[in-house]
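Student: Combine both chains into one complex, guided by the hints.
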Amino acid sequence: MSQYTFTSKSRYTTFGLMAIGVLALAYGAINHDISGTRFWANILLEGLFFTFIALGASFFMALQYVAQAGWSVVVKRMYEALTTFLPFGLLAIFAVVIASAIGGHANSADIVYKWMQSDATDIAKKVPGVFDEMLVKKHLYLNVPFVIIRTIICASLWVYWVRLLRKRSIESDLTGDFLPLHYKNVKTAGLFIIFFGITEQLMAWDWVMAIDVDWHSTLFGWYLFDDMWLTGVIATILLTLHVRRRGLLKEVNENHMHNLGLWMFSLSVLWGYLWFFQFMFYWYTNIPDEVVYFQARIDHYRLPFWIMFCINLLVPLIVLMTRDTKRNPRYLILIGCIIMVTHWIDAYVWVMPGTLGLTPKFGFYEIGILLGFIGLFLYVVLSNLAKVPVSVKNHPYLEESLHHHL
Amino acid sequence: MHQDSIIREPLLLGKKTYHQVTEDIARPVEGKANKYWWALFFLAVIAWLWGIGCMAYTVGRGIGTWNLNRTINWGWDITNFVWWIGIGHAGTLISAVLCLFRQRWRLTINRSAEAMTIFAVMCAAIFPVLHMGRPWLAYFVFPLPNQFGSLWANFNSPLLWDVFAISTYFSVSIVFWYLGLIPDFAMIRDRAKTKSRKILYTLFSFGWSGRAKDWQRFEEVTIVLAGICTPLVFSVHSIVSSDFATGVVRGWHSTVYPPYFVAGAIFSGMAMVLTLVIIGRKVLDLEEYITIQHIETMNKVMLTMGSVVGIAYFAEFFQAWYSGDPNESFIYLSWNNAKGVYGWAFWALIICNNLLPQVLWHKKIRRNLYITFILSIVINIGMWFERFDIIVTDLYRDYIPSTWTYYSPSWVEVGIFVGTIGMFFTFFLLFARWFPFIAQAELKTTLKATGDLFHNPPRQPKSTDFVADHGTHAAVENVH
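So the sequences go chain by chain: A and B.
The numbering used here puts the first residue of the first sequence at 1, with every later residue one more than the last.
The numbering used here puts the first residue of the second sequence at 407, with every later residue one more than the last.
Bound-form chain B, shown alone (with noise of 0.2 Å):
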């Protein structure tokens, strides 16, 4: 039986009882919209509608649209693309990983994390689409056979790879995600008053009935699912550094790029799990499940992952140096790019990546909703800024002087990234609606592990010192 230590604070916070965290999940869902909820709701409807306009816009003239030129021949396209898809990885890496090493925290925050991840794989796939210049000729990468054209997709180009990562990836995701979902729509359904709810609900809930034989078969595929998720956590943004990496341009020849990408996508999609969850928790009313102590977790793993970043920027400037190589003194982390043109992208990527996260060591500012929450979006614009580094300021100064150039974006490249923004919410804030936020079904099943109700023994610090200093009750008055 599970034995929590006197020191380890409760992950469900309010006494819930096991009706209680039913009542609580489904009021969302079961309630009516409030007007802040329209108010974004239509914010985000009108950006998404901007960005369907510049991406027509995009089609019918034509890539020239953009500002891309032949010495930057990527720009705003892949680096939203890239950042659209290292988002993602927090939330494999919540539901997979986490779930493999039994880590119980994640259980209030997988949901709306994998919910994340699935909306950002659908953003940044449009971009490489889109590059493409001519979209209705996209299945050219698959591998058809000749008939179609006179030439198979090259497996040799890590472009292809990433056809097949990202829509594996994007496929056990959703598949993960609706399992996790089916108890929970079948609690929906057995609660629902209308009939209209009723049949969408039982369709949606695939007809569960929470029999014994249902529950074991939905945990197998639990745990087969996320075994098969964690080596996606690594492979899809290991294949999209080799984008960079199998290349010989230098700055992107680099062997750190797979791990040093797939730290990044964690320290980033982190922080947009944060960034969504403090809002959700207050605005859903869900402040004792999504507790102080998840987001002090969520910003310990945000450091960590910062951290391994840091030092392979370090690698990264270092090595430069080593080569002794006159072109690798030109790579985006060197002292050329930051007195260069683009030293302002440069010192945005350090400062909001390297220098301003630093205080997440203390556990008082872990603990600081606001600090946390400002912080959560300053990491994603410092690490949008290093895909931004990466591409277009290891292309900038070219091998022959004359093709040096500079780039800055078009109204339309602006326009699709606002767009793909205004998709990802308006999907987040119908998903906060209509689906259970919360894991339910799995999360009682831990109710007596980590709930307070049920906490044995009852939670009783040896010295009051120890109290004071780490807080145990000012994370619960934080809370309340």
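So that you can see chain A by itself, here it is in the shape it has in the complex (with noise of 0.2 Å):
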């Protein structure tokens, strides 16, 4: 018996939790402190999270196609099923883009992307405090039609190709002749990596740096990469530790944990790396227009800010350094909700400053939505993952990964 069961107790659990989600998106659509820009905000702020978690299992899928990686066959269908969420999180991300972009038509300022106003760029009114002649000169680039393009263009093949490794990964387990379905996956894999490593970088740009319009790094979509492919195994390890305490994945053992850990391990220190060179330039050089964006965090959202960065690197940094952690289920499901928790306000830390102003809001309406998109998440997840077996049959590494030893 290799199949997962998605209890009704825990679909309830998760139907539970998405009615949080719609009766705090109800409260905030006729709550009129919320309504605006707070309501549209904290969909950003879940849709990035959720969605960054699904598209790092992609990359990460698509990974170890091209690295030949043997090891990870055994927990394949784990990130394959996170991979499943994409298509959903890419749309609460474009509800915000549209959502931003109609307010901006009708040259409202309670909106996500401040850019989008009107006014921000009309030249003939050059309205004060709104009007913006550094957008003027992004016009090219920083345009509602064009941003939509790009993001309907990215997210579609984005999904496209991750549906389509899963579903040849799927079919391989059904037929004897197996390989030429995973040289065609190598290829998939090849042509998905280099897309995304490319369009990564400016959906960063275009959904998250667009925030505070005015600032500019050219490390963002490294960093935020980074953030995807951490959390993406994270999830990974939680969701194979889940299904195994279910008594399913026998095969799974504490080599693959190891290595699972190995990757949360270098990934956060490498997250740790990337935030730091990026925040100590912009502070070493104190440039007016570069430091305004940690002056306006370290100012004003001084507790989420700090603890999440002394957190994020140096918890995983102490603790999984040593071989007997990484191997210990334990450790990790601590390690790996904790840096959930951290990165999920290492995000809100990117999202609110820009949109919500220097004065943090935390409330009934950010906890309803945060527990909405967990019910939605994990019921997306833990259904797909149900429809399949979660063992692997067939795979030219398979072998390999059943005899891993680290």
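Please keep in mind that the hints were generated in silico from the structure rather than gathered at the bench.
Glycine included, C-beta positions come from ideal geometry on N, C-alpha and C.
Covered stretches of chain B, going by a simulated chain A footprint (3 or more residues, C-beta under 8 Å):
# : segment
1 : 637-651
2 : 715-721
20 Å max Cα-Cα, derived SDA-like pairs, lysine to any residue:
# : chain 1 : residue 1 : chain 2 : residue 2
3 : B       : K770      : A       : Y183
4 : B       : K854      : A       : H403
5 : B       : K769      : A       : H182
Tutor: This is the structure in structure tokens:
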């Protein structure tokens, strides 16, 4: 038996979480303090956070093919299941872009992407405080139709390739002649990685960096890239351990967990490295139009900003350094959950100062939307996981993975 | 127990036994050098001596012998420094990072790659020391007590961070390299026929006895040193990039510099490893150890790193425009530079680093030794131009147009660079004759997993189409 069952108890739990999310949405829509920017900023925040998990898992899946990695085959179904959330998360982000575009067209300032406000680039009116000359210079790239077209092209191609990779992977269990499918996937994975490598930068700039539109950093795309990769790996670890607790996936042993833990460790340290240098160069030179981004965060979002950095770097660095912790499910779950929470705080710090201004807001609405997205994410991932056997039957590297030893 | 996939190619060809490995690797050390070796060696020594002459001239006459000027105050010197430091990185990546990730293919190339690292860092260190103008005062870079002078080292300066980063890197790399050499020296000691050889390699091998306790300590220290080396792969070039990125010169002040420099360093270092091992495997008759598959894997690493660098160029180019800052539109990656007097340097960078390496997407080319060899040299030229462009073409259009200027190196600057190349190859050629070129002791630990004599199960691809497509047999034929 290698079939995961999405029990009715867990299903009702996810329904309950989603219901809270819907309630929060309704509450936000009728409450005048929330209904504008705050309403959409939180959807963007959750959309980014959960899409990034799915994108990280997608990239990780493609990477295993092109790198000829053997060890990961036994946990293949886990990260494949995580990728199924991709279209839902992308839709949430797309909704925010569209809502901002509509609001901006009506010249409202109460939108997530402030640059979309029509007066911001209106040379004829030049409304003081709203008109931004820098935006006029960027108009060739940052204009509403182009952003929407870019988003649609990138999102649909990502989803297309990722679904294709998963589909072929599942198909290869049903046929004896699985090698051609594997080689097709190697090619598709390569294509996906090339396309993703470039477009991920664009989307990082469009979706996140453009929130603080006058600020820019050449590192930003890489920083988000590492964030995706890391949260995707952590989600894979947590899902694997959950499935194993159900008595399935007996072939996954501490050696595979060690390898996954190795990824969690190294990507966390890489995250700290990227974060530090991006911060340090702007802090060191103290140029006004660059440092303003960090000033807003340090002065007004001090607690989440520093807590997030210290925990995200130090906790995995210290705890996961040794071999034993990477092989121990308890440590992996503990550290994995901590990093997930603090990465959510990181995402909060990306989105909120540029949208809601300098006063951090956190209340029922934020919690409700977060719970709603958790419910949706778990529902999509677990119900897709339950559709196919969790143990892999046919794969050219299966024997290597079963005998994996570190 | 380890199990290899049916589609995994063997990493060690020619049905090697343990004894055969010993014989093959000891042969170049125990035999006599041929005339090609001597020819190359003399060429390298002459280049080195020429470089020493130019260095002496610089020290004697002063930095004025270089063509630096007040606008372009860093030129070939720092370009060469960054280039050499970058080349070193691939060695550490192969020996440390791939060790932590348990990559077996590293085992036949790690020794020579690490040797390359050490010699490259030595070449690099020459440039900042010479650039001081008064190298006899070089100790001022260390934080010495104030009795030695009026000022302590400036801890705010990335140039000082460089001193720590590079000296740490050099010392850890040399220890790591030497540690791996100890059992191999012992192997040569035990086979030595002459007395002088016996004494020499007894000294080198630190009394290695080959007992289980020795091996256990060896393994433990190896993994610890690999762990220490891994952050160094990142830290060294990140700190070198801080020399630029903490500055306020437009073009230099860019946050992507640390990861981009590290990727570029691995890119050029891997190219240099390829240049060296493609010759080395032929001359030393090690083609069954450093197989076409090794070359292909290194080409893949090179392609990946080249793409990372390419995306970073794209980000630099795009954000220079996106910033809306008129100054930014004159950075090294901008249309103004492409059209300007240094346009040739801009296009040399783009062609060598971005366009030509794209052929590596093709599997046949990745497995072609001639193209790979040419490409590895092209990439190193491209990476040299990257540093030249960053330094010179970010400086030559200063903020005041009256200071705009041009720079080309003097014969002394060129001579010093040629000298470091000579020094590098002198050391490398000596290394190839005196030291075991492949880490045979470590290689033997994986012989049963990756050698084709012990392979279990015997490799028999399931469908014939797959063989035609993916050339397992072609690879074997290529090698023989």
